[in-house]
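J.: Chain by chain, the residues:
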Amino acid sequence: MSKTIIRTKRSQKEALGPYGSLGKVLGELDDRLGMAKAGRTFMDKIFPDHWSFMLGEIALYSFVVLLATGVFLGLYYVPSQALVTYHGSYAPLEGMRVTQAFASSIDLSFAVRGGMLMRQMHHWACDIFVGAIVVHMARVFFTGAFRKPRELNWSIGLTMLILAITNGFLGYSLPDDLVSGTGLRIAYSIMLSIPGVGTYLAYFVFGGNFPGTSVIPRFFILHELIVPALIVGLVSAHLFLLVRQKHTQFGGRGRTETNVVGSPMFPVFIAKTNGFLLLVTGGTALLGALAQINPIWQFGPYDASKISYAVQPDWYMGFLDGILRIMPAWSFHNFGHTIPWEVTFPAVIFPGIVFNLCYAWPTIERLYTKDNNMHNLLDRPRDRPKRTAAGAAIFSVLALLFIASSTDVIANFLHVSLESVLWSMRALVFIVPAVTYPVTLKICRELQAVHDGGKRKTPNVVTRSATGEYLATLAPSVVDDVHHELEAELVPTFITADAGTSLSSTGVRSVER
Amino acid sequence: MSQFPLRLRSAVLTGLLILTSSLLFFAAGAHADVPLSSPFQTSRANSGTPKSDHVSTDKSGQVTSYGNSAITYNLPPAALQNLGRALYMQNCASCHGIEANGVPPTGTSGTSSNFPNLLGVGPAAIDFWIESGRMPAAEPRDVQSKRKRARFDHTQAMAIASWVNSLHPGLPLVPTVNTTGADVVNGASLFALNCAACHTITGGGDALAAHTYAPSLRNIPGYQVAEAIRTGPGNMPRFTGNLTDAQVRDIVTYVTVNIQHPVNTGGLGLGGLGPVAEGFVGLALGVGFLALAGFWVGERND
Amino acid sequence: MTEHRTPVSLTTVSESAENLQPLAKNPIAVERRIAVLFLAGMLLEVGFGWSYWVNSPSWILGATLGGGLSLMGIGLIAWGKYLMPRGPFVEERHDLASTSDERDAFAGAIIERGASVVKRRKVLGGLLGGGLGVFSVTALFPLIRSLGPLPKGSLFHTDWRKGSYAVDITGHRIHVDDLSIGSIVTVFPEGLQETNNGQAVDQTVLIRISNENFVTQKGRETWGPQGYLAYSKLCSHLGCPVGLYEQQLKMLVCPCHQSMFDVTNGAIPNFGPAPRPLPQLPIYVDAAGYIRAQSDFKEPVGPGFWERS
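If you're matching them up, the sequences are chains W, Y and D in order. When we follow this note's numbering, the leftmost residue of the first sequence carries the number 2, and every step to the right adds one. When we follow this note's numbering, the leftmost residue of the second sequence carries the number 11, and every step to the right adds one. When we follow this note's numbering, the leftmost residue of the third sequence carries the number 120, and every step to the right adds one.
None of these hints come from the bench; they were simulated from the model. Model, not experiment: these values are computed from the prediction. Be aware that a few hints might be false.
[Unchecked claim] In silico DSS-like links for lysine-lysine, alpha-carbon gap of 30 angstroms or less:
#1 Lys-46(W) x Lys-241(D)
#2 Lys-144(D) x Lys-156(Y)
#3 Lys-369(D) x Lys-61(Y)
#4 Lys-387(W) x Lys-247(W)
#5 Lys-25(W) x Lys-10(W)
#6 Lys-158(Y) x Lys-144(D)
[Stated by the list, open to error] Label-pair ranges, simulated between beta-carbon atoms:
#7 Leu-68(W) x Gly-298(Y): 18 to 28 angstroms
#8 Ala-400(W) x Gly-191(Y): 23 to 33 angstroms
#9 Glu-340(D) x Gly-75(W): 50 to 60 angstroms
#10 Thr-275(Y) x Val-256(D): 27 to 37 angstroms
#11 Val-236(D) x Gly-75(W): 43 to 53 angstroms
#12 Thr-275(Y) x Glu-340(D): 38 to 48 angstroms
#13 Lys-337(D) x Gly-89(W): 50 to 60 angstroms
#14 Phe-305(Y) x Leu-231(W): 49 to 59 angstroms
#15 Thr-289(D) x Gly-89(W): 21 to 31 angstroms
#16 Thr-275(Y) x Glu-488(W): 41 to 51 angstroms
[Said to hold, decoys possible] One side of the interface only, derived from the structure: several residues of chain Y facing chain W at Cβ under 7 angstroms:
#17 Pro-87
#18 Leu-177
#19 Pro-179
#20 Gly-191
#21 Asp-193
#22 Ala-207
#23 Asp-216
#24 Ile-230
#25 Tyr-233
#26 Gln-234
#27 Gly-276
#28 Gly-284
#29 Pro-285
#30 Val-297
#31 Leu-302
From the three backbone atoms N, C-alpha and C, an ideal C-beta is built for every residue, glycine too.
Please model the complete structure; the sequences and the hints are all you need to start from.
T.: In structure tokens:
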């Protein structure tokens, strides 16, 4: 008798099991990786759906756009301050001796196909990246998502904000144009101003006196390799903690401290989040196509004896420029040394205070509220008036300082004198937070007192009777109102451990899913 | 006031009257001798003086034109002087005086540096102020007269310049810039070094100290750029021997070609205001729109 | 083969449960609309490819790329939101913290095992710690020190010397008859106008404010020959070039943060964040009429730093 078994198509198919050839492939993978259990758990993970949780995704996806466009730019940009003669399509630079960094950036914009789009997408994505981080951080702050067990994630996120701001500054200084070069000079002077070690720090970072020839190549390595590597590492840690601790959620129907209500990772969340990735990339591309940003050819190459009026740093550095403008000229120098307080305080100490305050905030709040419990439910900002008011006040100061970085533009626009704008800003920097705090406090308390405040209200139907009397009745609720939420269910197919197998002999518990 | 005794009231009023009139008297007296405007002086060749490649004089020996291949300076025609005098008396004498020396006609009160001495400023200065519309001044008390639609056409401006110049000849004469052969690369570099510090690198202008401002360069004809550079109107520095005619021509060409027709291949120029405008667009349009999209993607609380 | 797998049983929620239904009232219509979005997106991406091929302007490249991705993104989001199971679904949060038994086992493993090692080899542990500690400090040396030279005294002087000719950016020596009253020119020591250091450190503004010798302060009687004044162009606040001169106000304004310096009294700042006057360069007019420096600046130029007294 022959050992061969005749296999028909149908019997072959049946032999594969209920999930066909794909199931066989997954089985083979599981033999080698053992990932079926973990993969299943991962796919069942529930993500709460509130719209404010999308803000972090904007940051994440704009970072992805930055990485992708950055790779393109890195293939053409030359990080060198050696002088070359520019030959290209932009007439006012033709034959000019410029640095290779500047020349390669101009070529990227005019000679490389798609280069202008990539450069502009990269720069717009950076502005959006930092903006989204700030907005996301504000959401986390005002809803109290930084509390136990997520203090570490808060610190990681804050570090990423600092790295993102730094990388943005490093990045827009790379083309070595007149506007960003002025920013480099200011950065050099800020380093100089640090008491004791300032001159050494400046000389070490720049390789000598300003401008030197080392700063562009060094900034390039920092901008392209070191800082992005740090950010990628921190983002991975940030997301890992998010998955491990699960996302927070607002309180509401069926939501408790010990569950998560929302959509499962696969397929719903994956679909929505990848759609959002496409939207962020597409939106950045549209901005890069239609809105010009950083036209370095109009600025010309950097020359230490040239300068333009009305220059500011990119918006996320604006608060530093603002406080540098309004700081009075107080300099200590009667003891044989100089502490240029007019620089050291605004540019070194003030941001240090702000960021350290942010790092310390979870601890400060824990000490103040004496609350050591785990929190997986979020606060509505109005329910924590003091935290909301404090955050609003700090934010208002930073926003005011950002506005103060364009004192000359404001004076020009409003036809008032430069001096009056500056004095107003000096006064406002104290008045604005002093006003914001109590006003926000009051608004929160008022909102708390409003019954059903912020909830979707059922409309009233107002009718008039024949005798002229107005009657208001509740409108009939629409049964298929899109936002009418159902009772939360478990994920479709779930697994329970067989009876008697809850604790295996090794003492490791088995998890009920 | 009506409760106070009549005597006291009249005493106070008389005192105030004496005080005010003595102040006016002092002020009027203080304006008695106004210094001559500082002369246009440079010994450098081809820098806006008759020490140029070519000079022409008329029968009486007065220089009527000079210059080189970059810029030619011309004296306004003498035939226009009568017209100029008439226009001047009607429109300018009330502030600048009937002798154009900044001493207003007797009887007018209040004097200050707003009524400058026009003797010796040169025809180019007068033409600049008139053809850019800054003169006649709409508001003489303004710290800086605004550019507006010119009240006089080119011939009338030349006429006034011709007459005032005839009282006390000055330099420079009215320039005509020849942009052929201009080195726009050199112009870009000189613009960044000399002009961008006030007018910004994109030529948009901005507010300066004490209510003064550097005007936008985006709508100014080339010869006015040259006049402004050479004469230094208002608080603008005067570029005499520090820029040759060839350099001024290069700057004028750069301004009229590249500042006024900027290459904006990246998309909408956003006003050339720099990172401030870009930040607003990035935050409001970029983050704002994407946050709104997130509002659609996600859910809201009940 | 299958023994290591946890014995479990599979239970399923009914297929007809409401949470599994799509949110859309008419899924077929929504599906069609999403299909249109995807198709339009695909066509735009084809458009992107084509416009790249024919080297279209950047805005067309970006509009097609961005439009296509955005439409596909909107379609995908709509698919997830309206056509997939509407939910919501719930999962339990399990205690993040381990049980107290597990914690004790963990802590015990570290402390007791670690203690046993160190207790027995205290000297070794201490020496290893010391060695690694020294290394962690000395490892920073090349990372920091090799980056650049020591500043020493280089921030205290510029390249201006006794007799240096003042030249403009083209190398033209400034002559005393060159400038009118109200003129300003940026000058450098001759020969250095094209060098990094010349532009960054030596840059000086030369202003003519009168035709007679001008004295700005006591002790500077010879520094303003025939109305020429020379000041360092480096702002004493943060080092920006102070190129903005208002000739009637006789004021230098720094374009960066609007510090205002009075040219007539030694560039003392009377507004803004700058703390010190701009150093004045002592100049003279030589026999041939050229503007030359009497010496270097009498104080360090530029912004403040610790070693500056």
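J.: A separate judgement is required for each hint: does it hold in the structure or not?
T.: Results of checking the hints against the structure:
Our distance criterion of 30 angstroms between C-alpha atoms is broken by Lys-46(W) and Lys-241(D), whose separation comes to about 48 angstroms. At roughly 64 angstroms between alpha-carbon atoms, Lys-144(D) and Lys-156(Y) are farther apart than 30 angstroms, so this suggested pair is violated. A C-alpha spacing of about 29 angstroms is found between Lys-369(D) and Lys-61(Y), which places the hinted pair at or below 30 angstroms, so the restraint holds. With a C-alpha separation of about 27 angstroms, the suggested pair Lys-387(W) and Lys-247(W) falls inside the 30 angstroms cut-off, and the hint holds.
For a cut-off of 30 angstroms, the pair hint linking Lys-25(W) to Lys-10(W) stands: about 16 angstroms separates their Cα positions. At roughly 63 angstroms between alpha-carbon atoms, Lys-158(Y) and Lys-144(D) are farther apart than 30 angstroms, so this suggested pair is violated. For Leu-68(W) and Gly-298(Y), the Cβ-Cβ distance of about 23 angstroms falls inside the hinted range of 18 to 28 angstroms, so the restraint holds. Remark: the range hint 23 to 33 angstroms for Ala-400(W) to Gly-191(Y) is contradicted by a beta-carbon distance near 52 angstroms.
Look at Glu-340(D) against Gly-75(W): about 58 angstroms separates their beta carbons, and that is inside 50 to 60 angstroms. Restraint check, Thr-275(Y) to Val-256(D): a C-beta distance of roughly 53 angstroms breaks the suggested window 27 to 37 angstroms. Judged by the Cβ atoms, the range 43 to 53 angstroms given for Val-236(D) and Gly-75(W) holds: they are separated by roughly 47 angstroms. The hinted window of 38 to 48 angstroms between Thr-275(Y) and Glu-340(D) is violated, with their beta carbons roughly 56 angstroms apart.
Between Lys-337(D) and Gly-89(W) the C-beta distance comes to about 55 angstroms, which sits within the given range of 50 to 60 angstroms. Range check, Phe-305(Y) to Leu-231(W): about 32 angstroms between beta-carbon atoms, so the 49 to 59 angstroms window is missed. Look at Thr-289(D) against Gly-89(W): about 24 angstroms separates their beta carbons, and that is inside 21 to 31 angstroms. As the Cβ distance of Thr-275(Y) to Glu-488(W) is approximately 57 angstroms, the hint placing it in 41 to 51 angstroms is violated.
Taken as an interface hint, Pro-87(Y) does not check out: its beta carbon lies about 37 angstroms from the nearest beta carbon of chain W, beyond 7 angstroms. Because the closest C-beta pair between Leu-177(Y) and chain W is about 36 angstroms apart, greater than 7 angstroms, the hint is violated. With a cut of 7 angstroms, the hint placing Pro-179(Y) at the interface with chain W is violated, because the nearest CB-to-CB distance is about 36 angstroms. Nearest Cβ of chain W to the Cβ of Gly-191(Y): about 14 angstroms, over the 7 angstroms cut. The hint is violated.
Interface restraint check: Asp-193(Y) against chain W, minimum CB-CB distance 9 angstroms, threshold 7 angstroms, status violated. The beta carbon of Ala-207(Y) comes within 5 angstroms of a beta carbon in chain W, closer than 7 angstroms, and the hint placing it at the interface holds. Hint status for Asp-216(Y) relative to chain W: holds, with the closest Cβ pair at about 4 angstroms, below 7 angstroms. At a threshold of 7 angstroms, the smallest CB-CB gap from Ile-230(Y) to chain W is about 17 angstroms, leaving the interface hint violated.
Here the hint on Tyr-233(Y) is broken, as its CB sits about 21 angstroms from the closest CB of chain W, past 7 angstroms. Taking 7 angstroms as the C-beta cut-off, the interface hint given for Gln-234(Y) is violated, the closest approach to chain W being about 20 angstroms. Annotation: interface hint on Gly-276(Y) holds; nearest CB of chain W at approximately 3 angstroms, less than 7 angstroms. With a least beta-carbon distance of about 6 angstroms to chain W, the hint placing Gly-284(Y) at the interface is held under the 7 angstroms criterion.
For Pro-285(Y), the interface hint holds, the least distance from its beta-carbon to any beta-carbon of chain W being 5 angstroms, beneath 7 angstroms. The interface hint given for Val-297(Y) holds, since its Cβ lies 4 angstroms from the closest Cβ of chain W, which is under the 7 angstroms cut-off. Proximity of Leu-302(Y) to chain W is violated relative to the hint, the smallest CB-CB distance being about 9 angstroms (cut-off 7 angstroms).
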